[in-house]
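Model the placement of chain B on the given structure of chain A, informed by the hints.
Same order as they appear, the protein sequences are chains A and B.
So in our numbering the end of the first sequence lands on 148, straight run, no missing numbers.
So in our numbering the end of the second sequence lands on 148, straight run, no missing numbers.
No lab work stands behind these hints, which were simulated from the structure alone.
Hints may contain errors.
[Stated by the list, open to error] Quick list of in silico lysine to aspartate or glutamate cross-link-like pairs, DMTMM-like style, CA-CA up to 25 Å: (1) A:23 <-> B:14; (2) A:23 <-> B:37; (3) A:54 <-> A:40; (4) A:54 <-> B:40; (5) B:54 <-> A:13; (6) A:54 <-> B:49; (7) A:23 <-> A:37; (8) B:54 <-> A:40; (9) B:23 <-> A:13.
Since this is a predicted model, take the numbers as computed values, not measurements.
2 protein chains.
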Amino acid sequence: MIEPHPSGGYILEELAIGMAAEKRLTVTEDRIEQFAEASDDFNPVHMDEAFASKTAYRGRIAHGLLSASFGSAVVGTILPGAGAIYLSQTLAFHRPVRVGDIVVTRMTITAIDELSARVVLRGEAFVGDELVMDGDATVRVPRRRRKI
Amino acid sequence: MIEPHPSGGYILEELAIGMAAEKRLTVTEDRIEQFAEASDDFNPVHMDEAFASKTAYRGRIAHGLLSASFGSAVVGTILPGAGAIYLSQTLAFHRPVRVGDIVVTRMTITAIDELSARVVLRGEAFVGDELVMDGDATVRVPRRRRKI
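So that you can see chain A by itself, here it is in the shape it has in the complex (with noise of 0.2 Å):
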């Protein structure tokens, strides 16, 4: 697994197809409280047990985005890391994450165009041994700069 780069963040030149990273973090009530917060979204499913309960969830479940954002941390922080431009990202929910739930996020790059300095990571998130999420960021990446 790939560890911060000292700069803050990888140039184009510097990453490879296989190159992995990952975060591994617990999904508690602080997080989803903070999440609900900024987005906003006080949906009963994610804040209310009683509510909950009665769903086809049977209980409260974490927010899809609060999971998805695990692996925009590791491409903001890890991999490529800071100065990566976000430019799209697709996401399939396999399983609900719920509160207490260790998430562990890996990103690997999966393909790069040096033509237009675009990286894609393919993004998969576990709770145990069980795929809960996964899907594809694409960012484009800084060169390295031309001495001049």
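What follows is chain B alone, placed relative to chain A:
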């Protein structure tokens, strides 16, 4: 524009293509700080004006998934509202969103599959007249309960 359903959420039989709902939210320092705490994404391009002023963005920008979460808030709290199950999401980021920007996020139903109870909502986020982000959300919606 659709208002939240008195029960908290719309069921499949109440939905039609073209129904739309929107939310208007200001990107404040507080929201960015809360999103960073929730996601553990302290990328300096979001948090550090001195760093961000030297990047391609020429100043701090909001996390892309923070703006995206405003669309998720519309889906989860207005249309279809509580009870909808998030299956997938696509996102394309067209322009940076900055502290103080007022983001208007509109979600419009573009497809309904009666058989699978799946609904596609087209999401568009604007700052002033400019489209800053768009993408599609796919959700599964509860059906009317059959009378026994």
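Against the structure, the hints:
1. The suggested pairing of residue 23 of chain A with residue 14 of chain B is violated, with an alpha-carbon distance near 41 Å, which exceeds 25 Å.
2. Taking the CA atoms of residue 23 of chain A and residue 37 of chain B, the gap is near 15 Å; set against the 25 Å cutoff, the hint holds.
3. Using a Cα cut-off of 25 Å, the hinted pair residue 54 of chain A and residue 40 of chain A holds, with the two alpha carbons roughly 23 Å apart.
4. Distance hint between residue 54 of chain A and residue 40 of chain B is unfulfilled; the C-alpha atoms sit about 31 Å from each other, more than 25 Å.
5. Proposed proximity of residue 54 of chain B and residue 13 of chain A is supported: the alpha carbons are some 20 Å apart, at most 25 Å.
6. Of the supplied pair hints, the one linking residue 54 of chain A and residue 49 of chain B is violated, its CA atoms being roughly 45 Å apart against a limit of 25 Å.
7. The hinted pair formed by residue 23 of chain A and residue 37 of chain A meets the criterion: a straight-line CA distance of about 23 Å does not exceed 25 Å.
8. Distance restraint check for residue 54 of chain B and residue 40 of chain A: the Cα-Cα separation of roughly 31 Å exceeds the 25 Å cut-off, and the hinted pair is therefore not satisfied.
9. A C-alpha spacing of about 41 Å is found between residue 23 of chain B and residue 13 of chain A, which places the hinted pair above 25 Å, so the restraint is violated.
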